[in-house]
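Q: Residues per chain are reported as follows:
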Amino acid sequence: MVTIVLLTDFGDSPYTGIMKGVIKNINPEVEIIDLNHSISPQNVIEAAFVLNGSYKYFPKESIFVCVVDPGVGTSRKILIVKTKDYTFVVPDNGIMSLIIGKDKPVKVVSVENKRYFLKKVSNTFHGRDIFAPVAAYLSQGIKPVSFGKTVKKINKFKIEKPEKKGDRILGLILYVDRFGNLISNIESDMIKDKKKDHMIMIKGEIIKGINNSYEEVLSGQPLALIGSFGYLEISLNQGSAKDYFGCGIGTVIDLFID
Amino acid sequence: MVTIVLLTDFGDSPYTGIMKGVIKNINPEVEIIDLNHSISPQNVIEAAFVLNGSYKYFPKESIFVCVVDPGVGTSRKILIVKTKDYTFVVPDNGIMSLIIGKDKPVKVVSVENKRYFLKKVSNTFHGRDIFAPVAAYLSQGIKPVSFGKTVKKINKFKIEKPEKKGDRILGLILYVDRFGNLISNIESDMIKDKKKDHMIMIKGEIIKGINNSYEEVLSGQPLALIGSFGYLEISLNQGSAKDYFGCGIGTVIDLFID
Amino acid sequence: MVTIVLLTDFGDSPYTGIMKGVIKNINPEVEIIDLNHSISPQNVIEAAFVLNGSYKYFPKESIFVCVVDPGVGTSRKILIVKTKDYTFVVPDNGIMSLIIGKDKPVKVVSVENKRYFLKKVSNTFHGRDIFAPVAAYLSQGIKPVSFGKTVKKINKFKIEKPEKKGDRILGLILYVDRFGNLISNIESDMIKDKKKDHMIMIKGEIIKGINNSYEEVLSGQPLALIGSFGYLEISLNQGSAKDYFGCGIGTVIDLFID
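Chains as they are written, first to last, in our numbering: chain A, 49 to 306; chain B, 49 to 306; chain C, 49 to 306.
Just chain A, same shape as in the assembly (with noise of 0.2 Å):
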């Protein structure tokens, strides 16, 4: 049984419920999971942050749907892009940045055929009119190149990378989860020793070594660790970093390599 997945902007509107409506009214015995419909409004990068992050998990074969579209109504292309194991449904608007760098598409085709959307397309509500049945179609086995042609290029934004400056790593801020845990853009790998004394700053202040869990400092203490997405993460031990420093998306933290 495929499973399609779904990512959007929605947050607790009824326009998931909807899209959830269109696809079980073409394909009765798919099945349906939530991924997340909390990005913030519009914000691309986010939802390739989070579909990054996430889309491993998920069994093979499964379809992603993700509708962060602020293009809606506009000429961006809607894309569906097949790498080895999963199948993306998506607007042309940079969403697939994080994963086309590791994961080679090996079809990406423009989706036009309008035998596979609704009868009536409105022009701002393609997660309804368009996405939806497209990913019910593609779960029944439809195969990619019927919805129309294919595509060489997929557009990429180029988000924002950690800086080397000699011993020092200039991060930003990428994400912000429930918790009030700040996620970096700097990924495991580009920290070789954990365990040295490395420090990190943000928001002027200093945070000493890279732990491995949060109960390795005091409650309340902001500490520095991997974090379960694999980047460099600003927690605080029984608490909200957001909080504590005052800070999100795009703060800039300094990492000092010992």
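One thing to keep in mind: the hints can contain errors.
Listed below are several chain C residues computed to face chain B (Cβ distance under 7 Å; list not exhaustive) [as the list claims (entries may be wrong)]:
(1) M49
(2) L83
(3) S86
(4) P89
(5) S102
(6) Y105
(7) P107
(8) D225
(9) F227
(10) Y262
(11) E263
Everything labelled a hint here was simulated from the structure, so no lab data went into it. Idealized CB from N, CA, C, for every residue including glycine.
Dock chains B and C against chain A, hints included.
A: Frame of chain A, contents of chains B and C only:
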């Protein structure tokens, strides 16, 4: 396989999950889909609007369970309303007002047969004790007539209708979505020629013309368009019209037909 | 078909969706139901309360996965607790306190067998790396004993019990729901005759008697009733008792038995 669709004002509470437990306990085979649980507490008009804009996207035979029920524990009836293609389990509080005008009920039953309730019925959580089990038994094929007496009349509220005054249509905002789009009560078919130079006045500001998509105006600029529910909407390209105009449900809009 | 029920403090984050991916990857056949993800961050008492009030509504054989886990990454145990009808996968942090008093565990196992974990276990997201795969394997029929050693003792916290002083019962608010209902720790069976002229004092205001439903008082007026979880609740007809009294978890209430 029949689908049960849930619409409530339970928000992020465990109440929805408990209803799912009750349903699955009776009919493990049924599929449950969340339409929306973020209806403003006890706002029957908002629920009626969302239900009306959504239900036709779901598979035929779907059973909608709507628990926006300020009268819980009072003598208000609970109804099973069957239309040609769908079944609704609802409090008799007007929530069906928008649907039954267009989609005539073929059967309306007042839910009274305690055999289909949980054994112990509370006065405050009929969602769990009555709505959920009734929907589960319906999904097993038990006929509406088994649940109680046929009823002739359904409570309707008169949702504020737009007022036509010569070349002007006076409407108001009925629903504000997650993106701050302001959805009015002026239906698409009240506006004959969408290309003409209509003007919309809202909060003392004038919006010219009805656009087809957000991108037809500059980023941060307001516009009017026919939204995905089929009503005139006021939006902001790349932003929130709700924040821009500082307004919400009940705000008057004034459409001047050219 | 076995059902896995999820209870976490992950809020609107993608963490829940990722857990579902992990579960489905191991057992594509299992059904997953969200009980609730809006437990206040790391609030084990709230989680214990919600779990206790909910679990009996789910089908027998359901597996509850509860990730409210301030001790993640520490040496706190993860337990499989089997009662007569249900299985719980929980951190050993007191979350089972309210259940095990009434529903004696028949088997408690400390989860240690890494064979049933994800290959790479992080220090911060055991929901994904341990709880989810363990629950998925349990749902495939693997016996609890395969996951680790039998354990004799489960950590319990003493949830603040109401204090009886002559004709008075001193309780406190344990949970505030989406509607602003204030749910106390005074259980229904502590109050013998609900019809008598009891008085409840909260925040210096007096509520007379225990009502059966909201409508027994005027709109906007406070009342006391036995709520759907079986505890004494303070509510407001057509409004929020939380806002009315300006109070929340921990607020003292004073019940005078007539």
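Q: Quick check: which numbered hints come out false for this structure?
A: 4
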